[in-house]
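**Q** Each chain, letter by letter, is given below.
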Amino acid sequence: MSGARLVRVLTLAAVASLSVAGCAAKTNSGDSGGGAGSNVDIPVVSQLPVPPNAASPAGSGNATCSGVTIAYAGAETGPNAQLGINILNGVQLAINEHNQANKNCQVALKKFDTEGDPGKAPGVVTQLVSESDIIGVIGLPFSGESKATGGTFQQANLVHITPSATNPALTKNGWSTFFRALGNDAVQGPAAAKFIVDKLKANKVCVVQDDSDYGIGLATAANQALGDKAKDCQDKVTTGQKDFSATVSKIMNAKPDAVFYSGYYAEGAPLDQQLVNKGFTGKFVAPDGVKDDKFLQLAGDASGNAYFTCPCVPGELLQKFSDAYKGVSGGQAPGTYSLEGYDATTILLKGIDSGIKDRAGLTNYVKNYDGDGFSKHFKWDATGELATSTVYGYKVDHGKIVYVGTIS
Amino acid sequence: MHPLTTFLADAWINFDVGSLRDQFWSNTFDGLTYGAIYALVAMGYTLVYGVLNLINFAHSEVFIVGAYAVFFVLSGLGFGPSAPALSIGALVADLLLAMVAAMLVSAAVAVILERVAYRPLRRKGVPRLVFLITAIGASFTIQYLIFIWRGPSAEPAVIMFRPEAVFTVFGADIDDQQLTIVAAALVLMLVADVFVNRTRLGRGVRAVAQDPDTATLMGVNKERVIMLTFLMGGLLAGAASLFYVMKVPSGVQYSGGFILGIKAFAAAVLGGIGNIRGALLGGLLLGVVSNYGQTLLGASQWSDVVAFVVLVVVLMFRPTGILGESLGKARV
Amino acid sequence: MSQETGLQEVPDEAGEEHVQVEGGIVAELERMTPEERAEHEAEVAEVVAPDREIAVGFGETLLELREVTVRFGGLVALDAVSFGIRRGEILGLIGPNGAGKTTCFNAMTGVYRPTSGQVLLEDRPLGRRKRHQITRLGIARTFQNIRLFGEMTALENVVVGTDARHRTSVLGALLRGPRHRREEAEAVERAMALLEFVGIADRAADKARNLPYGYQRRLEIARALATEPKLLCLDEPAAGFNPAEKEQLMGLIRKIRDDGYTVLLIEHDMRLVMGVTDRIVVLEFGKKIAEGLPAEIRDNPAVIAAYLGVPDDGAA
Amino acid sequence: MTSARNESRRPHLQQLGEWWNSLPRTRQWLVLIPVVLLIYALPVLNPPILSTEPGTNFPIACFNAARFALIALGLNVVVGQAGLLDLGYVGFFAVGAYVAALFTSPDSALAKLPYLVTLPLAMVITMFFGVVLGTPTLRLRGDYLAIVTLGFGEIVRLLATIVPPLKGQVGFQEVGHPPGRLPDGSLIFASSNGTPWYWLVVTLTIAMLMLVGNLERSRVGRAWVAIREDEDAAQIMGVPTFKFKLWAFAIGAAIGGLSGALFAGEVGFVNNQKFDVPTSVLFLAAVVLGGSGNKVGVLLGAFVVSYVPDRFTELANYKYLIFGLALIILMIFRPQGLLGARQRLLAKGREAYQRLIGRPEQVSSESALAAESAKGVGA
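Protein chains in written order, with our numbering: chain A, 1 to 408; chain B, 1001 to 1332; chain C, 2001 to 2316; chain D, 3001 to 3379.
Don't read these hints as lab results, they were simulated from the structure.
Fair warning: this is a prediction, and the values are worked out from it, not measured in the lab.
Note that the Cβ used here is the ideal one computed from N, Cα and C, for glycine as well.
Incorrect hints may have been included.
Facing chain D, according to a computed beta carbon distance under 7 angstroms, are these residues of chain C, among others [as the list claims (entries may be wrong)]: (1) Val2026; (2) Leu2029; (3) Arg2131; (4) Thr2135; (5) Arg2147; (6) Glu2156; (7) His2180.
Can you build the whole structure from these sequences, using the hints too?
**A** Listed below in structure tokens is the structure:
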């Protein structure tokens, strides 16, 4: 059959071509030793000072309530589902622990999937808002969809806490029902700059930002803090980009001590990997959007030079939380923002346990809330920003992301 | 200042000629590498268009399926995000295994695609609009089958070897990865060219391309030739997918093929649709030009925009492409 | 009205399936007396007649070819052909296969631009014009293989022809302006008359794709007439007809000429050409070898040689 | 070849078509008015089985379906009537959305206009883009045109990402909305209140349906169908094909732009995320599924394509796969889609046929995409 002969001919040709090209090119073998022998060694911090009176979802155990629901709105499917699932598991864990401890106060959880798409979010959130039993919401993970639906929550006076949307503009719309359970870019940017300059002793930095408002907001804040150290080495990449040869050659020309990538792991990992491929020996610093096990999968041993800043506390370090989380997440370790989701739900549950049954009451409760959570101290100012929020440092050590202490 | 002028002022794209000048040669070599991959994929478009006068939109998915085959074979062989410690012989053997697998998988998908989606339509002699709509439908069906099977995000990176500079030309170094890809692509294109122009089967392809009815009268089994055309397009696309994964290790994603497919089609048109040597020339040229555009205009998207602009310009001023349509005459 | 919406197929003698129709003018036509019918047909012919001012008088040259040469690369398809078509006549263009008839036809209808020489309509050269402009100028043509708009009804096909003369703008159509309404009404009237004129009014509402072959041929002629041409060019209109149908076609062509149109006819069938044309031009290997009355052409030795190759016995 | 088909084989849809066709004009309106009223009342009734409630808010799901219908109507002019395969239609939708955002959102540097002014403005600007894209490309053959329009759609999306003032993914917040407040002070056209938006879009869709109907029953509609059927023959019959193809592009673009502006208004936020090729293919699927060349058919197709994923949320992930498969299967087994092409191209068509032969015209169940021997491709 001529088809088969054609297949043989072409594969033989492929074999010939590859071996010819292969031998001509390759001489060395084995790994030329990736990873940056950084001259600065930062000790690993293995245990975390858990605040003694951190609020737990179980609460007093004898709360009474009925017909009250908490909702999760965010991505469960679609291209950026992973971040949403991390948060959802945290929320589910808190609800389960609460319902086990308070037999006669069973709080229901309703899930609304927005696919993280600002176009789909209004339809889903309008439906959520119209269900009167919902009095509190663990909010939308992404800044885009939060912007598209903030007005709807405000109109319904329904409190919604976002564990991950960090764009500063969200708290400038005068919404009284929006609360952010983590530091915004304006906090994390300067902290990252401080970490690069003080801890990593870098005096020439390249800042690479992606095109999401998370990436742009964070890069702007970091650039202000870095000042002239990063003035002449800036570059832009875009979501979905896979090949960074232009950015890599720009960085190799500038020969910086460190690169600060402001964006998500989907682009951060290939960028770091292509940098190390081209022989970059400096440090690769990235924010919470990149701090994820998927970064290690995608970047491989090139991630040896990676450091992370994150306003999030390493959930995996709290052994008790980590084990309980695995029960809910089907064996996955806590991801980025899982602990924030857990803490935020705890605050809503404490509100319900204190007898609040209506939306206005819960909004008020959250507005005046002042207490420790596992991840941080929760106290909000008038606009919904956390009064104080600490940023934590991490680094990659032997293929694992480890905690290296607080930055500010 | 009037709001419109401020709007236009920041919209003005500044041409970063400086960085283009000092990265010119590295851009060229990198562009040639991408061009080689575009050329191999463009072959699929050129062959099918030459014979069937049909844009096979689903060819980009035939390509990405090959990339998944490469990913599975290599990760099965122990490759992963970090460069493997293998001797040359073992490395080349593994890569060949992956390439052959990719070629066979892609070819299989291409043939099945022709059999299931296009043959019933060809039998009924439907207008061209129907073919195009089916091709788009097929492209999305395969794409979103992969989406549901492997999920939205890209597969973990599969590093084949860390590229090292072999020699420097005009101050820009050429690494072994670029050499391998361009050399292998040239060899494969040569084989394809010889096959179409020298062998009996190749004559069958050219005959059907020129005039399908007369070719059938002359005893050429038209159906087999068409199947053969898809088979060849698939084989070459499979080989291209190995080089793509070599160049962009974290590029194995359900949507990875679509834009690359359009750029490969632009390359095929640039070279002269239906013209095998045109596919090679068009591919290399498009790879280089879109790389320049990317550096000149400062953002990676510009390489796609430049490719589309080239396609439109070529179609307007010289629809038969640089080398002219050789396989089939430009049938309306 | 019967469930089958009033349609029964009544095969009449010409093998054409004339459909027995109950409503409308066509039905009344059946019931008319011969004089009423003749009077109605006169009205129809009146509506169909071209009311366009034509610079040339009857009998004067309407369209003229001067030394027209068409060359495709090395091949010379037409070699310095010159002849004229007089207004009001039926001119036949004949020649063996490959003589260049179709190339000449395309050059005259503006589809090809002559490599040298000129095609003049009313003494003005056609020059570089787009096809639809040439049609508006007054040259309409039919196709050897039928190219009707299958998805449209017969009436709609003819109205597309009338659109060639319309000036309604898109905005006018959007807001149903006065010109649009006027032109639509006129177009439908003229199209209905044309369908009657060529004798296929009974199938006016059927999709062109579903019409029998004979009807489709006539519909193409009606559509060409709808553009009110100064010159109607028929490209082998009788292809595939049986003798009876050819007879009817000859009648129709004469009727068209009598209604004031000038007709150019390309045809292989000698009896048809000899029977209906006023003058004939003969082409062979791209050259004009003869021109004149049918009788002269029949006895012209060069023509016989061109066709039969053996000069001794006369053509059929 | 027999003229009328025998009774049994004619599908019931065609009988429905012929019943509808034979109704006198007044009775047609009598049937139409209750149907239109029902459509208007749909979100308020929120019928149990139809409702998409647990997943998405039903009035907003209706709004999305109506918006899709408006797009399908515009795309049908280009693909269904003029036979030009436009794969970049989402580009015009995006331009319309950005026009509404740029001229109403506080985030944009441009002068502020009342929202309702941006609707006609969006139509004019997209019409301009339609002409700019159409002029160089409309001389190309069908499949080249398809890929070039695909390129255009991508270029618009990429430019929205790269050009700084279009603010890429950051996007524009608080895009305008029609004026008016409810007695309790809240906005009538809030993004959470789908019903008024739905009524606005349905009204505009009906207006567009009438305008396109006027064009269809005129020289323009006949020219489009002639171009679709056989462009060469159309040229030789005196139809200036380039001019009418350009008009088809411009009108299609304008309707697409209008729908984009409405989408921007309802969501209240515009960024570069949702103007990609898969969306363009969904638009095409709506036209093909409904029956390209049939104005009412494409509205039905659009409703299916937009409503089904909202109604059966577990299908959300499979949406593109289902419609990709639908395209293939439809093209093989039922190229004419659900209702099949149906166009009446004569302003006084009904009276003419009645006068001439005493019965209405033949409604064909075939479509422009159905098998034709003459100019099929089939090597």
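**Q** Enumerate the violated hints, using their earlier numbering and listing them in ascending order.
**A** As far as the earlier hints go, only 2 is violated by this structure.
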